[in-house]
Amino acid sequence: MTHDEEPTQVERVDQLPLKDRRTGRTAAQSRIGHQASWVDQQVRVAMAKGEFDDLPGAGKPIEGLGRDHDPDWWIKKLVERENITVLPPSLQLRKDDAELGARLDALFTDAEVRREVEEFNARIIRARYSPQDGQPPLITMPREVEETVLAWRERRDDRAAAARARRDELEATAPRRRWWQRSVR
1 MTHDEEPTQV ERVDQLPLKD RRTGRTAAQS RIGHQASWVD QQVRVAMAKG EFDDLPGAGK
61 PIEGLGRDHD PDWWIKKLVE RENITVLPPS LQLRKDDAEL GARLDALFTD AEVRREVEEF
121 NARIIRARYS PQDGQPPLIT MPREVEETVL AWRERRDDRA AAARARRDEL EATAPRRRWW
181 QRSVR
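Counting from 1, position 72 in the sequence shown corresponds to residue 72 in full-length UniProt numbering; the numbering is continuous, with no gaps.
If you are wondering where the hints come from, they were derived from the structure by calculation, not from laboratory data.
Treat the hints loosely; a few may be bogus.
[Claimed, not checked] In silico SDA-like links for lysine to any residue, alpha-carbon gap of 25 Å or less: (1) K95 - L107; (2) K95 - N121; (3) K49 - G64.
[Unchecked claim] DEER-style ranges, computed between Cβ atoms: (4) A162 - E80: 53 to 59 Å; (5) E119 - D68: 40 to 46 Å; (6) R156 - P71: 48 to 54 Å.
The structure displayed is predicted, hence computed values, not measured ones.
All C-beta atoms, glycine included, are put in the ideal place defined by N, C-alpha and C.
Go ahead and model the full structure; you've got the sequences and the hints to work with.
What follows is the structure in structure tokens.
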């Protein structure tokens, strides 16, 4: 059959969905009806088991109901839920500068600390050479790598000394174990 020809009656009948002789419904309608009843049954069973009890938001009004539709509602919820902050680069660098000591304290080696400080300095330099109009000024200065590593070592040593002091204090106040209890360990 070419594009110019009119479809015949037989071809049109082949395109119709098949109907059940008993009910007169198509297979798709029947399947949808069975699926809906199956879903209802599953919900009833789950309710009987108590699987919907103590869900977050239970007994509270639905949030945002009755307000105008906001097309960006999902991104706002994501930012709120994940505690995502979107700051201009200069402010983000200030925040990162304030948190850098805590991030460095979580590292274990001098090499890791050096790499982190060098990456931080590279971000500052990159931001300095790509200013953006209407943004707050970049006042964060790069850190001296060796000075930062030395300060990190001192903080690490202080934490280790404090941990040793706590351990020694606990051992001094703990009851002395008898010789047979020490050998069982």
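Hint check:
The suggested pairing of K95 with L107 holds, with an alpha-carbon distance near 19 Å, which does not exceed 25 Å. Distance restraint check for K95 and N121: the Cα-Cα separation of roughly 14 Å lies within the 25 Å cut-off, and the hinted pair is therefore satisfied. Annotation: proposed proximity of K49 to G64 is violated, straight-line Cα distance about 30 Å (limit 25 Å). Under the hint 53 to 59 Å, the C-beta atoms of A162 and E80, about 37 Å apart, miss the expected range.
The hinted range of 40 to 46 Å is satisfied by E119 and D68, whose Cβ atoms lie roughly 43 Å apart. Remark: the range hint 48 to 54 Å for R156 to P71 is upheld by a beta-carbon distance near 49 Å.
Of the numbered hints listed earlier, those contradicted by the structure are 3 and 4.
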